[in-house]
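J.: Here are the chains, one letter per residue:
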Amino acid sequence: MSIVLSNISKNFGDFSALHDIDLEIPEGELVALLGPSGCGKTTLLRIIAGLEQTDKGQILLNGEDKTQHHVSQRGIGFVFQHYALFRHMTVFDNVAFGMRVKDKKVRPNETEIAKKTHALLELVQLDWLHNRFPDQLSGGQRQRIALARALAVEPSVLLLDEPFGALDASVRKDLRQWLRNLHHELNVTSIFVTHDQEEAMEVASQVVVLNKGRIEQQGSPADIYDYPANAFVSKFIGQTNEFQLSHFSTDWFEKVGLPISEEITKDSIAHVRPHDIEITKTTNDTPVTLKDWQHLGALIRIELTKILPNGNPKAVFAEMPNEQFKRLQLNRGDKVDLKIRHAHWFH
Amino acid sequence: MSQSRIMPAFRPTISFTLLYLSLVVLIPLSTLVFKSFQLSFDDYLNIITNKRVVAAFRVSFGTALGAAVIASFFGFIVAWVLTRYTFSGKRFFHALIDLPFALPTAVAGIVLATIFQPSGMLGKFLKTNFDLQIGFKPAGIVVALIFISIPFVVRTVEPVLQEFDSRMEEAASSLGATRWQVFTKIIFPNIFPALLTGFALSFARGVGEYGSVIFIAGNLPYVSEIVPLLIITKLEQYDMPGATAIALTMLVISFLLLLLINLLQNWVRKRSGQL
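First to last, the protein sequences are chains A and B.
Per the working numbering, the first sequence starts with residue 1, numbered consecutively.
Per the working numbering, the second sequence starts with residue 1, numbered consecutively.
Some hints could be false.
[Claimed, not checked] Calculated lysine-lysine pairs in the DSSO-like style (CA-CA distance at most 27 Å, straight line):
| hint | chain 1 | residue 1 | chain 2 | residue 2 |
| --- | --- | --- | --- | --- |
| 1 | A | K306 | A | K255 |
| 2 | A | K306 | A | K281 |
| 3 | B | K185 | A | K116 |
| 4 | A | K104 | B | K185 |
| 5 | A | K102 | B | K185 |
| 6 | A | K105 | B | K270 |
| 7 | A | K115 | B | K270 |
| 8 | A | K306 | A | K291 |
These are computed hints drawn from the structure, not numbers from a lab.
From a predicted model like this one, the values you see are computed outputs, not experimental measurements.
Could you build the full structure based on these sequences and the hints that come with them?
T.: Here it is in structure tokens:
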């Protein structure tokens with residue numbers, strides 16, 4: 001089911017959480033709402049769910065205007081950041097809840113409910129826990145039960161608020177992949193909120209970057225990484241080095257491989273990903289020295305110090321595969337030459 | 001008791017607890033038991049099966065039970081309002097709730113008796129409009145007990161309501177539950193153990209209450225005479241054995257009822273995974 005938001009705005013007192021959000025999400029997508037904390041992403045999710053009312057604008061779910069519908073009438077499934085499982089009910093009763101509160105006329109009988117509940121618990125691979133209470137489960141298990149509970153009402157849209165936020169790193173990695181596979185299997189339009197760009201890139205088919213209540217960019221993870229729309233997205237979506245034209249000479253840019261085209265003005269800033277910087281050992285008297293490096297698994301992150309024309313030092317980060325770094329045989333304090341393969345210019 | 005206990009200081013704390021229980025609770029209560037042993041069993045039975053005594057027991061436990069039920073209901077609503085809504089004068093309300101704790105119960109009794117007596121402000125209104133008399137009737141006792149015991153319910157339910165995770169309500173709504181279903185299936189089951197505690201406290205308080213009741217009850221034997229008053233009456237007549245026999249019986253019944261409520265509470269908690 002497609003989701004269309006038009007002109008959504010929300011204020012909390014004097015604080016304006018969302019301004020004029022327009023967003024279209026085609027059916028079957030798995031979308032990440034990505035942004036720093038306080039950017040309005042959770043508010044937007046709660047407005048789509050109906051847990052929060054929008055001040056103005058419209059919410060269309062599958063072409064139907066649901067702006068005025070109560071949360072219980074929107075046909076959505078919501079997974080809360082801290083799961084909000086019913087702690088006085090067993091896992092089984094938690095999952096069955098959505099079916100049991102249905103109107104008598106459409107409510108399935110207990111046998112059907114039991115059958116479906118067990119099927120859902122098997123889907124999340126936790127049927128063996130059906131007699132437990134939420135307090136007896138681990139974080140990852142609670143997360144999956146919360147998901148099963150939300151899926152029990154066959155929602156046309158699945159909304160997840162920071163689904164992996166409260167889990168430890170290894171569980172998070174597993175669950176991300178599991179969620180992606182599950183989405184592939186069920187193909188229900190899903191939106192999840194996250195502040196972790198890596199998570200958004202890894203799980204989502206579409207990423208919506210939010211900042212200060214506005215949408216900065218929407219696109220596939222590759223699009224957003226390779227063609228960031230502005231400096232905010234470029235910085236938020238991955239590591240970048242910023243080179244301000246006013247701090248360097250044009251000659252220097254040309255020497256490292258970045259020709260200055262006409263639209264670049266003296267206020268322009270070049271954003272360079274660490275893996276787009278190449279370094280070579282040199283005996284020239286260049287103002288770039290190798291300060292330190294860290295192992296990030298397959299990659300090495302190299303910390304360089306560049307002395308600016310005004311005499312101040314500037315930290316520059318480069319990344320390269322382990323093997324390549326070994327071949328260069330660099331030591332701390334070595335002088336190096338920079339080569340920049342690619343940069344995004346922002347004004 | 002073994003050395004590998006995770007929580008330290010088991011020995012000193014349990015010793016202190018036992019010391020406290022024996023000095024303050026067990027020794028005085030066992031004195032009561034020993035005193036009543038001066039009676040033969042037949043005498044004891046005679047005293048407590050006396051019609052006037054049985055009637056007083058009925059009045060005491062009946063009114064305490066009724067008052068506890070009503071206080072639980074209204075106390076829950078008051079706690080709900082105080083935790084769920086913000087309104088002006090809320091702090092004032094908070095202070096007002098605790099007032100019955102601090103007020104000498106006799107003062108409460110006299111005030112209630114004044115307004116509920118047939119010629120009093122509310123008494124007259126009820127009499128003329130509904131032909132209802134509260135003062136000097138068992139109903140008057142219930143009114144006094146509600147006044148005394150509402151804060152017990154409010155103050156036990158309130159913190160639980162306050163800590164209640166409202167996301168659970170949102171989750172239930174998102175699953176299609178109506179507001180009523182959210183209340184009956186999500187909120188109430190989580191509050192119920194606390195409400196039972198409040199009920200038990202107000203019941204216990206109601207059974208033992210003396211000061212506020214005697215002014216409004218009318219103290220008519222067989223109708224509105226409570227057990228504590230009967231005990232005092234016996235004492236005034238230097239009928240020590242009679243007083244202890246009644247007191248002991250009251251003690252045992254109260255203990256059994258509170259134990260029952262406790263077991264019920266345990267059962268509720270276990271059934272809802274809170275143990």
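J.: Within a Cα-Cα threshold of 27 Å, do A:K306 and A:K281 meet the stated pairing?
T.: 14 Å, holds
J.: Taking 27 Å as the top limit, are the C-alpha atoms of A:K104 and B:K185 close enough?
T.: 16 Å, holds
J.: Is the Cα-Cα distance between A:K115 and B:K270 27 Å or less?
T.: 26 Å, holds
J.: Going straight from one Cα to the other, do A:K306 and A:K291 come out at no more than 27 Å?
T.: With Cα atoms ~10 Å apart, A:K306 and A:K291 stay inside 27 Å; holds.
J.: Between A:K306 and A:K255, is the straight-line Cα distance small enough, at 27 Å or below?
T.: 14 Å, holds
J.: Is A:K105 close enough to B:K270, meaning Cα to Cα at most 27 Å?
T.: Cα-Cα ~33 Å, so violated.
J.: Starting from B:K185, check that the Cα of A:K116 is at most 27 Å away, please.
T.: Within the cut-off at roughly 21 Å; holds.
J.: Within 27 Å, alpha carbon to alpha carbon, are A:K102 and B:K185?
T.: Given that 27 Å is the threshold and the Cα spacing comes to 13 Å, the pair holds.
Checked against the numbered hints above, the structure breaks only hint 6 and satisfies the rest.
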